[in-house]
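Engineer: Sequence:
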Amino acid sequence: MPRRIMFVQLKTGYDTDRGPSWIGWVDFSKTWSTAYFHGRTLRRGERMFDANFYDVETDEEFWVSGPKRDRTDNRYGPSGPEIEPDAADAYRAFLAGSPLPGRENG
Numbered sequence: 131m132p133r134r135i136m137f138v139q140l141k142t143g144y145d146t147d148r149g150p151s152w153i154g155w156v157d158f159s160k161t162w163s164t165a166y167f168h169g170r171t172l173r174r175g176e177r178m179f180d181a182n183f184y185d186v187e188t189d190e191e192f193w194v195s196g197p198k199r200d201r202t203d204n205r206y207g208p209s210g211p212e213i214e215p216d217a218a219d220a221y222r223a224f225l226a227g228s229p230l231p232g233r234e235n236g
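Going by our numbering, the sequence shown opens with residue 131, and the numbers climb by one from there.
A hint or two may mislead.
Okay, the calculated beta carbon distance ranges per label pair [said to hold, decoys possible]:
1) Leu225 x Arg205: 15 to 21 angstroms
2) Glu176 x Leu225: 14 to 20 angstroms
3) Pro132 x Arg222: 20 to 26 angstroms
4) Met178 x Pro215: 18 to 24 angstroms
5) Glu187 x Tyr144: 14 to 20 angstroms
6) Thr161 x Leu225: 27 to 33 angstroms
Just so you know, the hints here were simulated from the structure itself, not pulled from any lab data.
Virtual Cβ for every residue (Gly too), placed ideally from N, Cα, C.
Whenever a hint applies, use it, and build me the whole structure from the sequences.
Structural biologist: Right, here's the structure in full:
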């Protein structure tokens, strides 16, 4: 199962990019259509406004994407994402110029 450090933001219940967000490890299915994060099963969705995954149990919508080196992941949020402790070292190395684990070749 592919595992990547990703930016994840909860969209449901929050006004335009103001939901809580995290930088952490996300496990993906072989087809990349399902993501597993914080005990949730997120399925890739279509025709959602400002979201690309939804929780299969709660229907809450999420934005899941690779983190940005310039730290502009939260466009309008009041604060930056919470950095998960188990991803912190790899994320700091990424910010310093190293590729993200699993993306060494692009």
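Engineer: Now look at each hint and say whether the structure bears it out.
Structural biologist: Verification of the hints:
For Leu225 and Arg205, the hinted distance range of 15 to 21 angstroms is satisfied, since their beta carbons lie about 18 angstroms from each other. Between Glu176 and Leu225 the CB atoms are about 32 angstroms apart, so this pair departs from the stated range of 14 to 20 angstroms. In this structure the hint that Pro132 and Arg222 lie 20 to 26 angstroms apart at CB holds, the actual value being about 22 angstroms. Between Met178 and Pro215 the C-beta distance comes to about 30 angstroms, which lies outside the given range of 18 to 24 angstroms.
Hint check: Glu187 to Tyr144, Cβ distance near 19 angstroms, so the stated range 14 to 20 angstroms holds. For the pair Thr161 and Leu225, the supplied restraint of 27 to 33 angstroms holds, since their beta-carbon distance comes to about 30 angstroms.
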